[in-house]
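Asks: The residues making up each chain are set out below.
Number of protein chains: 2
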Amino acid sequence: MSTGSDQEGELLARVFLSRVLEPGDEVAGRWLRELGAMEVEGRLRDGGPQLVGITDKRWAGLLDRAREAEPERDLAAAREAGMRFVVPGAGDWPGQLDDLGDARPVGLWVRGRPSLRMWALRSVAVVGARACTGYGAHMAATLGAGLAEHGWVVVSGGAYGVDGAAHRGALGAGGATVAVLACGVDRCYPRGHTELITRIAEQGLVIGELPPGGHPTPSRFIVRNRVIAALTRGTVVVEAAHRSGSLATARAAQRLGRHTMGVPGPATSALSAGVHELLRSDAVLVSDAAEVVELVGDMGELAPERCGPVLPRDLLDPGARRVLAALPGRGAAPPREIARGAQTTQDDAIAKLYELRSLGYVERHGDGWKLTRQAMISVREGRSRC
Amino acid sequence: MSTGSDQEGELLARVFLSRVLEPGDEVAGRWLRELGAMEVEGRLRDGGPQLVGITDKRWAGLLDRAREAEPERDLAAAREAGMRFVVPGAGDWPGQLDDLGDARPVGLWVRGRPSLRMWALRSVAVVGARACTGYGAHMAATLGAGLAEHGWVVVSGGAYGVDGAAHRGALGAGGATVAVLACGVDRCYPRGHTELITRIAEQGLVIGELPPGGHPTPSRFIVRNRVIAALTRGTVVVEAAHRSGSLATARAAQRLGRHTMGVPGPATSALSAGVHELLRSDAVLVSDAAEVVELVGDMGELAPERCGPVLPRDLLDPGARRVLAALPGRGAAPPREIARGAQTTQDDAIAKLYELRSLGYVERHGDGWKLTRQAMISVREGRSRC
Numbered sequence: 001m002s003t004g005s006d007q008e009g010e011l012l013a014r015v016f017l018s019r020v021l022e023p024g025d026e027v028a029g030r031w032l033r034e035l036g037a038m039e040v041e042g043r044l045r046d047g048g049p050q051l052v053g054i055t056d057k058r059w060a061g062l063l064d065r066a067r068e069a070e071p072e073r074d075l076a077a078a079r080e081a082g083m084r085f086v087v088p089g090a091g092d093w094p095g096q097l098d099d100l101g102d103a104r105p106v107g108l109w110v111r112g113r114p115s116l117r118m119w120a121l122r123s124v125a126v127v128g129a130r131a132c133t134g135y136g137a138h139m140a141a142t143l144g145a146g147l148a149e150h151g152w153v154v155v156s157g158g159a160y161g162v163d164g165a166a167h168r169g170a171l172g173a174g175g176a177t178v179a180v181l182a183c184g185v186d187r188c189y190p191r192g193h194t195e196l197i198t199r200i201a202e203q204g205l206v207i208g209e210l211p212p213g214g215h216p217t218p219s220r221f222i223v224r225n226r227v228i229a230a231l232t233r234g235t236v237v238v239e240a241a242h243r244s245g246s247l248a249t250a251r252a253a254q255r256l257g258r259h260t261m262g263v264p265g266p267a268t269s270a271l272s273a274g275v276h277e278l279l280r281s282d283a284v285l286v287s288d289a290a291e292v293v294e295l296v297g298d299m300g301e302l303a304p305e306r307c308g309p310v311l312p313r314d315l316l317d318p319g320a321r322r323v324l325a326a327l328p329g330r331g332a333a334p335p336r337e338i339a340r341g342a343q344t345t346q347d348d349a350i351a352k353l354y355e356l357r358s359l360g361y362v363e364r365h366g367d368g369w370k371l372t373r374q375a376m377i378s379v380r381e382g383r384s385r386c
Numbered sequence: 387m388s389t390g391s392d393q394e395g396e397l398l399a400r401v402f403l404s405r406v407l408e409p410g411d412e413v414a415g416r417w418l419r420e421l422g423a424m425e426v427e428g429r430l431r432d433g434g435p436q437l438v439g440i441t442d443k444r445w446a447g448l449l450d451r452a453r454e455a456e457p458e459r460d461l462a463a464a465r466e467a468g469m470r471f472v473v474p475g476a477g478d479w480p481g482q483l484d485d486l487g488d489a490r491p492v493g494l495w496v497r498g499r500p501s502l503r504m505w506a507l508r509s510v511a512v513v514g515a516r517a518c519t520g521y522g523a524h525m526a527a528t529l530g531a532g533l534a535e536h537g538w539v540v541v542s543g544g545a546y547g548v549d550g551a552a553h554r555g556a557l558g559a560g561g562a563t564v565a566v567l568a569c570g571v572d573r574c575y576p577r578g579h580t581e582l583i584t585r586i587a588e589q590g591l592v593i594g595e596l597p598p599g600g601h602p603t604p605s606r607f608i609v610r611n612r613v614i615a616a617l618t619r620g621t622v623v624v625e626a627a628h629r630s631g632s633l634a635t636a637r638a639a640q641r642l643g644r645h646t647m648g649v650p651g652p653a654t655s656a657l658s659a660g661v662h663e664l665l666r667s668d669a670v671l672v673s674d675a676a677e678v679v680e681l682v683g684d685m686g687e688l689a690p691e692r693c694g695p696v697l698p699r700d701l702l703d704p705g706a707r708r709v710l711a712a713l714p715g716r717g718a719a720p721p722r723e724i725a726r727g728a729q730t731t732q733d734d735a736i737a738k739l740y741e742l743r744s745l746g747y748v749e750r751h752g753d754g755w756k757l758t759r760q761a762m763i764s765v766r767e768g769r770s771r772c
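Those protein sequence lines, which keep their order, are chains R and G. Last residue of the first sequence: number 386 in the working numbering, and the count goes up by one each step with no gaps. Last residue of the second sequence: number 772 in the working numbering, and the count goes up by one each step with no gaps.
To be clear, the hints were calculated from the coordinates, so they are not data collected in a lab. Given the structure is predicted, the values throughout are model-derived calculations rather than measurements. Ideal Cβ placement from N, Cα and C applies to all residues, glycine included. Do not rely on the hints blindly, as some may be mistaken.
[Said to hold, decoys possible] Covered by chain G, per the in silico footprint, the following chain R stretches (three or more residues, Cβ under 8 Å):
| no. | stretch |
| --- | --- |
| 1 | 132-141 |
| 2 | 260-267 |
| 3 | 270-280 |
Let the sequences and hints guide you as you build the complete structure.
Replies: Take a look at the structure:
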């Protein structure tokens, strides 16, 4: 059995590794799998014995970084600034990231209140070109809003163009959105999205593998994309030129067995050419949020809805229980009213509502929220599972 | 063995039936299969015994039509006006129409010089909305031109919008095109396409199941679509709203095992919604002629090219032999020059060049035509097949 201090040691080791290792390093991922985070940390702190599969020069580079790492300080500063660090196996760890194998993140830095694990359960990635057309921005915003209205969480990369439009669409519809950054989550990149990313951190989640202060590089954008692909049920590419980074996200989703979708555009548009290339392989053409939901909602998720919520009420955190109790017995209520009943802020109520949505307790109804039929039955019959 | 007068009897019987039966009537198709055209003609002329699978009222209707039919006069008038009637099994019959089973046309009325059988071998249908957008017209014209430049014959329905743009694109690129009408081929429908259809009859082929003077009806448009689908290697839908007739053509192509393709458009366009619906089923997304050719050229056709032309030179008709002889031994020549060498008109030379293209003798090269490598080898080695 693991003790509290083991868990703290594992957490600190992984904070240390998040500063020392480069995201997506599969060789290091193998060390972690074979030796455990604390042993790998020890070797790097002690300068050896050298680990396998790496040149002397790169090993020396890691030791340089290791000498400067101060995980306790990192963690304290992060907590001070409202960030947390989530590690594999922890309560809020999204298990689907384990599909990445040795490329799994050593941990994720998180800004924002909602449960990452719960939100990721019902999430879809909407990605695409930074320099998108007006059509691309329109489609991304419409999809973001439509997915939010269907009770799905919109995941994207926080970039200009399609990403930003998708986040804004979700936020504008009173929905849930997650930005996965290629830099430290205390930074706002790109600069022009400072306000947007700040708002996402307040109303949703901003996550990333880089430690506080970490800066984005071209290769970090590429490895970041695998997290977007793995975290979600499926990836929709809205606009992408040939050889666009969004196509890499889509291909990663395909390799991981996630749904891969593309929004068509004029055959004359270079910014749709990459999407069309994708649609000529295994991706599914989607024109609106309903078609996305039809596809990503087709497996796994329906089962708990048919037989009642997956998690007993008693195991919900107190905040979620309060929000659940604030829902009317019949019909829907707006988030404002639910927040009042639960004595919390509207942002917090929405965060909790999307968590409860993942668990099958509630569903969106226009701009409001209501109990699912299954949740009502489970209350009436005094049971929380079928 | 069938004699000349048998053949003439069969031809006249089918001319008679093309006036009496409604195109696509599968019950009548079964009579033809089981009893032969001449026996069916006899029963209809004699007023019985009544054939199976039909109400008394419909039988009486057919007898009314039969009393007015004058096949000898029809055929003579048609020949006078430069039309011919091609029946199953005849030299110019496109064998792929036999895939229609009992819905196979009893025969086809044809205006234009080229060989229907040869042209159909390497043909693609380009169809779509009558009230298309500027984008749809642009894509249809570009595809029509591109297919012609790749040496493929463009088949469509002669209608306004996408059909007309596809025909014009092919003609404009010095290419081959076939209009399949839902009325008598002596008529120009729609009226506004009188000039276009006349030009197609001069430079290409205008074909249809209805006898001279036959007028189009809504149901005739629908049954006409199966001929477009069956005649060609594949069908491309350029723009189509939900429940559009072009989608029926595409579905018929799918049922017949032909390639079905769609040109994407903005997800916001109602005129692309039907195409997107198609692309969400089994159709392949195509953005240009090269992608169409890649798909439709992938089977059957390549074999004869690899091992030499399919038909020995001696069996070519004298006109085709003259055109073939007019091609330069090396490099390409424009149709004008080839026509001069073959002592014929440019239209006739182009018609023959597309026939020779189907047989693997020649290929387009920019605006000109040249011998295929296989054709040159077969000449050099004194053989016409490998």
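Asks: Hints first: check each against the structure and report whether it holds.
Replies: To see whether the hints hold, each was checked on the structure:
1. Residue count for the stretch 132-141 of chain R with a Cβ under 8 Å from a Cβ of chain G: 3. That meets the three needed, and the coverage hint holds.
2. Note: the stretch 260-267 of chain R has 5 residues with beta-carbon separation from chain G under 8 Å; the three-residue rule is met and the coverage holds.
3. With a cut-off of 8 Å between beta carbons, the stretch 270-280 of chain R has 5 residues touching chain G; three or more are needed, and the interface restraint holds.
Against the hints set out earlier in the document, no violation occurs for any number.
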